[in-house]
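**Student:** Given next are the chains, with one letter for each unit.
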Amino acid sequence: MTRRLVGAALVVACALATGFAARGAAAKPAAESTEAFRQKGAPDAKVTIVEFSDFECPACRAAEPSLRQVLSVYGSDIRFLFKNFPLERVHPYARRGAQAAECAGKQGKFWPYHDMLYDRQDEWTNPKVDSFLDQYAKEAGLDVAAFDACRADPATNQPIDADKKEGEDRWVTGTPTFFVNGKRFVGGRQLQERGSRLIAKVLGK
Amino acid sequence: MSASKWAVVGLIARLVVGGVLITAGASKLSSPPEEFAVVIENYEIVSTDAAEVLAAFMPWCELFLGFALVFGFMTPYASVFSGAMLVGFLGALLSAAARGIELYNCGCFGGRFHPKPAFTMVMDAVLLAAVAAAFRHGSALWSLDKWADARYTAARKP
Chain A
1 MTRRLVGAAL VVACALATGF AARGAAAKPA AESTEAFRQK GAPDAKVTIV
51 EFSDFECPAC RAAEPSLRQV LSVYGSDIRF LFKNFPLERV HPYARRGAQA
101 AECAGKQGKF WPYHDMLYDR QDEWTNPKVD SFLDQYAKEA GLDVAAFDAC
151 RADPATNQPI DADKKEGEDR WVTGTPTFFV NGKRFVGGRQ LQERGSRLIA
201 KVLGK
Chain B
206 MSASKWAVVG LIARLVVGGV LITAGASKLS SPPEEFAVVI ENYEIVSTDA
256 AEVLAAFMPW CELFLGFALV FGFMTPYASV FSGAMLVGFL GALLSAAARG
306 IELYNCGCFG GRFHPKPAFT MVMDAVLLAA VAAAFRHGSA LWSLDKWADA
356 RYTAARKP
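So the protein lines, in turn, are chains A and B. Numbered per this note's numbering, the first sequence spans residues 1 to 205. Numbered per this note's numbering, the second sequence spans residues 206 to 363.
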């Protein structure tokens, strides 16, 4: 009997040690803030949604209708923040998309440009990326010379890298990851089904 | 084949299945459970709520069963439960294939390694055969079962 207990303890100890070692450090808490142009909604809204996303990620594009639906239903009661999490190992054009959106944001057109990048994701994610990004800038009514100068400026990478670091600290490993009042949801379906329930509960609707 | 050779086969089978289960469980736990839940949701078998529960518990089950097999602890029971999990995975894969659901990731190893469903089906079938060998012969060599039973057997000797 004692040997059985020793055996059980060994199995449990090894499983727990392996499991907790695999999980790594706990996610660090983060202040929900970002550049003003990447935020929507009232600053004192009861519900804050933070999205970590990658402009080249097909799952992020697929989640857009769910996100847009949630924002259209609860829009005035929600503060929404967009954060960049380009997965450059698998999405070679993701950073250029993020840089372009940042530069559009500096000219006050972040959201239209953001929508264009997702809606036309199949079009621009290829070696001709720069010409497409300029074309979208023209369509969005941006000053293309300033837009290109901004994209070439290394400083444009700083907020993107800061977002990426924050995502890693919050144990974001894939995109899109949403935090609704700090509760994690991955993908459009989780946001639409379980996230919406949480939002309705918080808002008492 | 002699009993000693079957004992070696049982040991190897135990270590292979246990090793795969430990790797699968640890890989899944290295990402947030919500990410594994997305993979479960893609099979369109359970609700998002059930997927969240499965995603939280399944990796730990794999770790416990994996270590039980590696150490040869309650080997027949660990083999039966491991076999049941493998049958469940195989059933889910076949069900998805029959319904025309294209799975980008089988979910077996979380987000780190994405084997194609066809590869996973073959792997599951091989592991099921190994589970059968572990069930029948896994306790015979270098196992906690044998270590625990040896004392019990010695104590009962006249």
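Just so you know, the hints here were simulated from the structure itself, not pulled from any lab data. Errors might be hidden in some of the hints.
What follows is a list of derived Cβ distance ranges for each label pair [said to hold, decoys possible]:
1) B/LEU299 x A/PRO92: 30 to 40 Å
2) B/VAL251 x A/ALA162: 34 to 44 Å
3) B/ILE306 x A/ALA146: 41 to 51 Å
4) A/ALA200 x B/ILE250: 50 to 60 Å
5) B/GLU249 x A/ARG68: 17 to 27 Å
6) B/SER300 x A/ARG197: 26 to 36 Å
7) A/ALA146 x B/ALA303: 19 to 29 Å
8) B/ALA337 x A/MET1: 23 to 33 Å
9) A/ASP161 x B/ILE306: 34 to 44 Å
10) A/ALA162 x B/TRP352: 37 to 47 Å
11) B/TRP211 x A/ASN181: 35 to 45 Å
12) B/ALA261 x A/ALA8: 21 to 31 Å
Being a predicted model, the structure only gives us computed values, none of them experimental. Note that beta-carbon positions come from the ideal geometry of N, C-alpha and C, so glycine has one too.
**Student:** Work down the list of hints and note, for each, if the structure agrees.
**Tutor:** Hint-by-hint comparison with the structure:
| no. | hint | result |
| --- | --- | --- |
| 1 | B/LEU299 x A/PRO92: 30 to 40 Å | holds, 35 Å |
| 2 | B/VAL251 x A/ALA162: 34 to 44 Å | holds, 38 Å |
| 3 | B/ILE306 x A/ALA146: 41 to 51 Å | holds, 47 Å |
| 4 | A/ALA200 x B/ILE250: 50 to 60 Å | violated, 26 Å |
| 5 | B/GLU249 x A/ARG68: 17 to 27 Å | holds, 23 Å |
| 6 | B/SER300 x A/ARG197: 26 to 36 Å | holds, 27 Å |
| 7 | A/ALA146 x B/ALA303: 19 to 29 Å | violated, 55 Å |
| 8 | B/ALA337 x A/MET1: 23 to 33 Å | holds, 29 Å |
| 9 | A/ASP161 x B/ILE306: 34 to 44 Å | holds, 37 Å |
| 10 | A/ALA162 x B/TRP352: 37 to 47 Å | violated, 54 Å |
| 11 | B/TRP211 x A/ASN181: 35 to 45 Å | violated, 58 Å |
| 12 | B/ALA261 x A/ALA8: 21 to 31 Å | holds, 22 Å |
Against the hints set out earlier in the document, violations occur for numbers 4, 7, 10 and 11.
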